[in-house]
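S.K.: Please construct the entire structure, taking both the sequences and the accompanying hints into account.
Be aware that the sequence shown starts at 2, since it is given in the numbering used here, and climbs by one per residue.
No lab work stands behind these hints: they were computed from the structure. Virtual Cβ for every residue (Gly too), placed ideally from N, Cα, C. Honestly, I wouldn't trust all of these hints.
[Said to hold, decoys possible] Derived CB-CB ranges, DEER-like:
| no. | residue 1 | residue 2 | range |
| --- | --- | --- | --- |
| 1 | N17 | P45 | 14 to 24 Å |
| 2 | G11 | K31 | 25 to 35 Å |
| 3 | R21 | P45 | 12 to 22 Å |
| 4 | F49 | F25 | 19 to 29 Å |
| 5 | P45 | A9 | 15 to 25 Å |
| 6 | N17 | F49 | 26 to 36 Å |
| 7 | V51 | L28 | 27 to 37 Å |
| 8 | V51 | F25 | 17 to 27 Å |
| 9 | D46 | N17 | 10 to 20 Å |
| 10 | A53 | L26 | 34 to 44 Å |
| 11 | N3 | H36 | 18 to 28 Å |
| 12 | L28 | I50 | 27 to 37 Å |
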Amino acid sequence: MNIAIIFAGGTGVRMNSQTRPKQFLELHGKSILLHTIEHFEFHPDIDFIVVA
2 MNIAIIFAGG TGVRMNSQTR PKQFLELHGK SILLHTIEHF EFHPDIDFIV
52 VA
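M.R.: Okay, structure coming up:
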């Protein structure tokens, strides 16, 4: 069983984000976190995803 662990913490100080955490910043209409989850969700070798 292959598990993807996504570490979704942090404030985004180096990304100059004053309003929201970096994982919720948008890229092409979706949050960075959602892009990451979708990448692993459709990967054939990943059985389970943990967001921490």
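S.K.: Give me the numbers of the hints this structure contradicts, sorted from smallest to largest.
M.R.: Of the numbered hints given earlier, those the structure breaks are 1, 2, 3, 7, 9, 10, 12, listed in rising order.
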